[in-house]
Amino acid sequence: MPLFEIRELTHFFGGLKAVSDFNLAFEGGELMGLIGPNGAGKTTIFNLVCGVYHPTHGEVKIEDRNLAGLFPHQVTAMGIARTFQNIRLWPEMTVLDNIRVAHNYKLSYGFLDAMFQNSRYRLAEKGIDRTARKFLEIMGLRDYAEELAKNLPYGLQRKVEIARALVIRPKLLLLDEPSAGMNLGEKEALIGLIRWIRKEFNLTIWLIEHEMRVVMNLCEKIQVLDFGETIARGTPEEIQGNPRVVEAYLGKEID
Amino acid sequence: MKQYSLILLAFFFFVLVVGFSWAGVLSSYTQLVLMFVGVNIMMSSSLNLVNGYMGEFSCGHAGFMAVGAYVTSLFTVWFFTTGSVFGPNLLPPEWATVLFPFILLFGGLIAALVGLLVAIPSFRTRGDYLAIITLAVNYIIKSAIENIQPIGGARGFMGMGRVVNGMQEMVDIPWMMIWTWIFAFLTILLIKRFVSSTYGKGIIAIREDEIAAEIMGVNTRRAKMIAFMLSSGLAGLAGGLFAHILGYINPGSFTIMKSTEALVMVYLGGMGSLSGSVLSAVLFTLMLEILRPLQLYKWVVVPLILILLMLFRTEGLLGHRELTDVFPRLKRIFKSEEKVHATL
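From first to last, the protein sequence lines stand for chains R and P.
Going letter by letter, the first sequence gives residues 1 to 255 in this note's numbering.
Going letter by letter, the second sequence gives residues 1001 to 1344 in this note's numbering.
Treat the hints loosely; a few may be bogus.
Partner residues are not named here, just some residues of chain R that face chain P (Cβ under 10 angstroms, in silico) [what the hints assert, rightly or not]:
no., residue
1, Ala-68
2, Pro-72
3, Trp-90
4, Val-101
5, His-103
6, Lys-134
7, Pro-153
8, Leu-156
Covered by chain P, per the in silico footprint, the following chain R stretches (three or more residues, Cβ under 8 angstroms) [stated by the list, open to error]:
no., region
9, 78-89
10, 117-125
In short, the hints are calculated from the structure, not lab data.
All C-beta atoms, glycine included, are put in the ideal place defined by N, C-alpha and C.
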């Protein structure tokens, strides 16, 4: 049984076919890349997986449980976390609170417990606080715990976003263009970070990336998308030599 | 010790106000203003939960106040007084001393349920729907009460004065002053607890980025509904107290004008700032009283102040900050609850 499986995923925006017959399976532990020119439908696929959109056709399964029709927070609870192309932290909240709020998917107390601040509430909050601080520590963000997220430099915001996704303890981590807007040094650091969290948290990672240096360096397998259709899949070397991929990115050669 | 100083201060204030009212040091007018301050603190801080912390726009807060006011009043008058509407009293008037807070809570609960009815359709989608729906609900509630003749319709409803008198005959202390401030403090405490819990911080995340909140595991629809119910329930409590302070209510007290007052207090104090809401409720209530000699011109001056505020200080007196952030030295005296958690 695969860890994660997408079968015949198809999605229309009105009359536009954004994703067509997309298939994928993870056994667990992969580091897979999803690339393609702008507008190829990469982020749409992530949104379909996360429950932001509901697919027109096809199914998405994690550990054999179907994700169709679930709300995003329910998908999260099943073990899929993600980061966003343009960082979506909660800017006016502290870094620590950004991590804390991500615990909402498995909160062990309810409204009344919070109002009475009973022992169940205090125990849960203590646990959340401890976990959140531990994750900040692991990611080297401890010194920024009380800082507002918006005040952090870009590279660190990206790190906070990854920490916020990790705290959900995902089985599958989706990274949407993690290196967007980063300089060379930050990109090198990011490659190291992704390798490290993958090992440390025993993750399956699926990432969208435009930066070839990152993809080719990092991913074991790559799937290439163009106009919603898979045009190639394989190892980085195979992809680099694939004429259809070159055509999708650079256009056809005129003879 | 430090973390209790805020509670101690509140307790000290409470004893002072109630003591002075009881001893007759304060004129009945001053007492009335003080009670209105309490009610307005409840109104502004509860509205701030939705408009400030959650970032939605509710503009029919007086509607929920009306529900609380009428439900509470109907029950107290029915139970404890003999009148033309409900006939003889069901229970001895003295029991009101004990039962009043429970009836008040029941009124708040009904207001919260009405809030839920509003929340269900409003939070299906994002956007300005809540503003339009709450505005409509405010009118619906007002018009509905106006057209229910058995409870007085547009003429209003009275008899709460006799309920309070019954309480005072039993034990002669300023009951309404006591209950108003107990519930005002309770409101502040509950909102503070809500927004400092991981559960309640979900609504701040919704304000900051709703899609991210939903994807990072916050059940946004439920969080919004809970926050909205809490907010409208507290407004209902404020309404119940308001009705018993005045002894007379009519639908005209709960128009869009009243909702606007609550909005003004929220924006004056600053969105997402609890201490700002308390501060602005105090300032606003006192300002209305000071401007009373201006009579109708009051309603020129007050909106003008709001316009000037929006022009020169968009974020309100304490936008998104608490008093302790503006005056860090206060932190030494009032250690915030959050910090206490961190040191556990």
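Status of each hint after checking the structure:
1. Ala-68: Ala-68 (chain R) check fails; min Cβ-Cβ to chain P is 17 angstroms, beyond 10 angstroms.
2. Pro-72: Holds, because the Cβ-Cβ distance from Pro-72 (chain R) to chain P comes to roughly 5 angstroms (cut-off 10 angstroms).
3. Trp-90: Constraint on Trp-90 (chain R) satisfied, holds at 4 angstroms.
4. Val-101: This interface hint holds because 5 angstroms falls under the 10 angstroms limit.
5. His-103: Since the shortest Cβ distance to chain P is 6 angstroms, the answer is holds.
6. Lys-134: violated, 14 angstroms
7. Pro-153: Since chain P brings no Cβ nearer than about 19 angstroms to Pro-153 (chain R), farther than 10 angstroms, the hint is violated.
8. Leu-156: With Cβ-Cβ at 17 angstroms, over 10 angstroms, it is violated.
9. 78-89: holds (count 5)
10. 117-125: Result for this restraint: holds, n = 5.
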